[in-house]
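A.B. asks: Could you build all of it, start to finish, from the sequences and the hints given here?
Protein chains: 2
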Amino acid sequence: MTRKEFRDLAPPARAHEAIASLDLDPDPETVPLDEARGRVLAERVDAALDVPGFDRASVDGYALRARDTFGADEADPARLDLVGRVDAGEAPEGYVDEGECIEISTGAVVPEGADAVVMVERTDEEGEEVLVRTSLAPGDRIMFAGADIAAGERALGPGTELTAREIGLLSALGVDEVPVRGTPTVGIVSTGDELVRPGEELDSDAGQIYDVNSYTIAAGVEEAGGEPKLYPHAGDDMAEMERVLREAADECDLVLSSGSTSASAVDVIYRVIEERGDLLLHGVAVKPGKPMLVGTLGDSAYVGLPGYPVSALTIYRTFVAPAIRRAAGVPEPRTATIEGTMAVEERYSEGRMRLMPAGLVEDGDGNTLVYPVDKGSGATTSLVEADGVVEVDADTEYLERGETVEVQLFSPDVRAPDLFGVGEDDPALARLLDRVQHPRYLGIGSRPGLRRLRDGTPDVVVTSAPGDSGVEHEELGAWTREWGLVVPAGNPDDVQGIGDLVDRELSFVNRTTDSGLRTSLGNAVADLADERGVERHALVEAIDGFDRAVRAHESPARRVLAGKTDVGLGLRTTADRLGLGFVPLGEETVRVLANPDRVGKPGVEQLRRVVEAGDDVFDALPGYALEKR
Amino acid sequence: MTRKEFRDLAPPARAHEAIASLDLDPDPETVPLDEARGRVLAERVDAALDVPGFDRASVDGYALRARDTFGADEADPARLDLVGRVDAGEAPEGYVDEGECIEISTGAVVPEGADAVVMVERTDEEGEEVLVRTSLAPGDRIMFAGADIAAGERALGPGTELTAREIGLLSALGVDEVPVRGTPTVGIVSTGDELVRPGEELDSDAGQIYDVNSYTIAAGVEEAGGEPKLYPHAGDDMAEMERVLREAADECDLVLSSGSTSASAVDVIYRVIEERGDLLLHGVAVKPGKPMLVGTLGDSAYVGLPGYPVSALTIYRTFVAPAIRRAAGVPEPRTATIEGTMAVEERYSEGRMRLMPAGLVEDGDGNTLVYPVDKGSGATTSLVEADGVVEVDADTEYLERGETVEVQLFSPDVRAPDLFGVGEDDPALARLLDRVQHPRYLGIGSRPGLRRLRDGTPDVVVTSAPGDSGVEHEELGAWTREWGLVVPAGNPDDVQGIGDLVDRELSFVNRTTDSGLRTSLGNAVADLADERGVERHALVEAIDGFDRAVRAHESPARRVLAGKTDVGLGLRTTADRLGLGFVPLGEETVRVLANPDRVGKPGVEQLRRVVEAGDDVFDALPGYALEKR
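Protein chains in written order, with the working numbering: chain F, 324 to 952; chain B, 324 to 952.
Don't take each hint at face value.
Put simply, identical chains are the same to the list, so a pair is met inside one copy or across any two.
[Claimed, not checked] Heads up, simulated EDC-like pairs for lysine to aspartate or glutamate below, C-alpha to C-alpha not over 16 Å straight-line:
no. : residue 1 : residue 2
1   : K887      : D516
2   : K951      : D697
3   : K887      : E435
4   : K552      : D357
5   : K552      : E358
6   : K552      : E910
7   : K951      : D920
8   : K610      : E421
If you are wondering where the hints come from, they were derived from the structure by calculation, not from laboratory data.
Note that the structure is predicted; figures quoted are calculated from it, not measured.
C.D. replies: Right, dumping it as structure tokens:
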């Protein structure tokens, strides 16, 4: 077998077929009743006994012969001799003859001779006699043996998912061991020398990253009713990888590998497949996820997933999860799609099917808007910023704004967030959002946030950009934060202000132009230029690192902490929290602006109240103050 | 405290309030990442590190200085010196100077000096030189440190349910222990001397029944995100019950008891509550479920559920499960209601809110019909014969046929069965139904089945009643079954036919008048009367047990097996299977009749095909034959 280049990509339908042709079915098993919830019956269960197992009193009262009460009523009660008593869980001792009755409690065995029970409320006891103030028909207030379900009747069919209700019926039948579909065992092998398990030490300088796919795919396997088994990842040691693959194939119904599409890893997989199985498919015309392998390894099925987490999970959900659900007997979730209209236009260039990660937001009228979430398949945050995927055909070149699309939700419980905000990354905001029900916030920066608000997608934007926002809005609240230069603890270089950055050999880390803080810094530099009577750009060029820009608010300070720069742009609260020094340069105002059409949304209202009542948050953050209105 | 009589019933809203006022909140806990799926975050998780932790190549190619490629294209490539190579998971060794490049693989650290990566497809290697056939801008094909998520950014908020996606993000952040909401521990105490745990021996003569509520409520607690803890049931030993209640209150956040509404059990509960807690509510104006208690037992919350399984589960779901979900932080399931129209009229007499168990069926046009499932709250089969409940106000006197109602589904995955059949209980049918996707079949007998078909509720009826069905239908298939008298093995009384039942002292067990078999027997008796020239009723009265009728097809044979009768009405196949003797009396035809409006339903079509292809089923059952058409 020679190495293939993923050039002849299979259409997605063929990938579904290839996976459907694999045998992942586990053997059925027997589980105790108290572990049966969520499992699927492997075979029909017929009742082995009558329920109830005896003629059972449905009320507290007296067992009697109905014929003895014919014509009785309130005015003219029948008068019977009380000859005994029977409680639930007792064998009745007496026999009910003509003119007699036996006191009986709910659930007790109706004694022989009796053919009806009168409820206690319609009787009076007088010494050894009972007055019955109503007429009864044979069978009244008795649940006959087998009336609920009788021995030999079909109780539950194969394929039934066992919830509390089915477990109730099985209990009534005395079943304490349940034959259920087996759980497919899914081995998960992730490869790559750069991967480190969460919790272990990470060496970023050596290009290490945490292994995302192992736990993500394991959770996805559990969601689909399979049992994940994580294998120690093999690095790029090919002999070791071969050994792990063989071991997983021996032990599991399905083996999933991820990140194994590098040249040398593919070679190993080919070798193992060649020796022990079949390669059914290699490469699929879908984005994300092109590099996908489908085959067999001995008795086990095998699917090779792409390495990027979003691609791996998307391909897993689309192609693999349905097969695991089928093998486990778990029904496809029913209401896992929702219709919405595109909030923005989206264009495509490549001629392959696209599984577009999509976020949802409700507009002011309760309609669902859909927007693409595309941070590149290397970004793990897009895992949680999307609510589902829109399947876009290979020959679709663009989706228009306002076009209706169907979103395949990640799970039936997924719903649009109650509040969708974008804009500035701010530590007070992070805390305030904890008090809002089901929010989503994307820290894309003040300026991109204002652009998104103009497009009409988010409910609110949080901006620290000075000046006019240039977009119609309603202000929900505002606060100020102190900003300046973050320096090492004790300010060893004795930095006093921007002038030091210009005049001395100090390295600096700035924020990106998306950030409001960057604009505040730019204004301060312009003021200094005016003061010195020089051009602004002359000062900018004199600062070592003015263009060394990072996206997030803490990042410059963390570079200072790591000794990678002398000075960083940041907030007093960040410097304090990280134990660093701080040179104040000013205050800026962070404003929460709502889309005027969305001020009626409960989530938006909630955010307004949370900001107004947020004194404790602002008090706890040095340099912060709520703007009272 | 004196015993109360459940006379002053609280309105349902007050029961909700009382339960909402209880504190079931468990302490938060920390779980390993691989056990975090399905749990709910207890606090905000901010990123503790940059993801990625370094400037990362997004493609296989060459790291270089973008400025060196200005103006390069296919025809006029830039020519750079290849000075090294860096793979994923390695610290780069070289530095990229002007006019140089370093080979780099996807995911590797971009070496210092370089500010862009060109993908290998746009290059050629020539000895120690690389030809770059495109122009690059700074940052091309690089994912910068922190671009995915940066240290200090808000990653996930409190209250977030952890699915595969959130677990992916936590993995990327290196989090291996997750702070989650605790799981409320729910103690389950069921009482009653008559209760026996499934799997143990049952003495029906002593009125014993299997304990249904313990496992059912336990499964319901798990579904709501709680951890059930079953306590050994205390029988009616009140000292023991008191001990168990105290123990459960000490160990759990919530204690649920069921079946403890008998006078003596209530007394014990009152005593324990009086001593250690508060009684908040006693009795609710809702059917089923009137006898409900809400209170506290020391630090634990307490709810007393009714004893009947359907009542207990209904009250649990309506009042208790939402409180457990809130305590566990599990969101209310979203799509758990469906609208439908009443298939039949339903009248109410009592002035309290009713939670009407309801079944669903789709009509020929795909509309959802709703019918009441009411076998009495003592019946466990109604647990699985309903799909949800309709909440009917206390002042509603009837629901009209065709009226729109809202059904609260038992779970979001519940859907109408693909096939809804009613009628004769038949062993061949039980097996055929195993081959139909998601069927529901109620063995209510041939005659009631025909009546239901006339009402238009079911898709099909299965009838063995001879003669004209009297209802418009399309016949899907039919088979014959041999019926007769079931006698002990070896036929010790040498029974030859009905004449022996008439002429000799033999006890007999018949089927109910709902059954087709009973009609066949009646016809045979009439024939014998003609033959003998006597009145039919004279023969009937001479048979000891002609009116001793049981509902299910195997029940008479099982009475023979148990030595409780000499002769039973039944099928050859039943006699064979139970190892009993059989005296054949005739053959009857079992016909599968479809509602003509429903023949297009896939489930109905599937049943037709299953019957046609059912030779193996009929071959395996003695006395059976498929009627070929």
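A.B. asks: State for each hint whether it applies.
C.D. replies: Each hint, compared with the structure:
1. In this homomeric assembly, K887 and D516 never come within 16 Å of each other (Cα to Cα): the closest approach is 26 Å inside a single copy and 75 Å across copies.
2. Taking the shortest alpha-carbon separations for K951 and D697, neither the intra-copy value of 38 Å nor the inter-copy value of 60 Å comes in at or below 16 Å.
3. In this assembly of identical chains, the alpha carbons of K887 and E435 lie at most 16 Å apart only when taken from different copies (14 Å versus 93 Å within one copy).
4. Taking the shortest alpha-carbon separations for K552 and D357, only the inter-copy value of 11 Å comes in at or below 16 Å, while the best intra-copy value is 24 Å.
5. In the homo-oligomer, the alpha carbons of K552 and E358 lie at most 16 Å apart only across protomers (13 Å), although the nearest pairing inside one protomer, at 20 Å, exceeds that limit.
6. When the C-alpha separation of K552 and E910 is checked against a cutoff of 16 Å, the pair qualifies neither within a copy, at 53 Å, nor between copies, at 56 Å.
7. When the C-alpha separation of K951 and D920 is checked against a cutoff of 16 Å, the pair qualifies neither within a copy, at 24 Å, nor between copies, at 68 Å.
8. Taking the shortest alpha-carbon separations for K610 and E421, neither the intra-copy value of 84 Å nor the inter-copy value of 36 Å comes in at or below 16 Å.
Checked against the numbered hints given earlier, the structure breaks hints 1, 2, 6, 7, 8 and satisfies all the rest.
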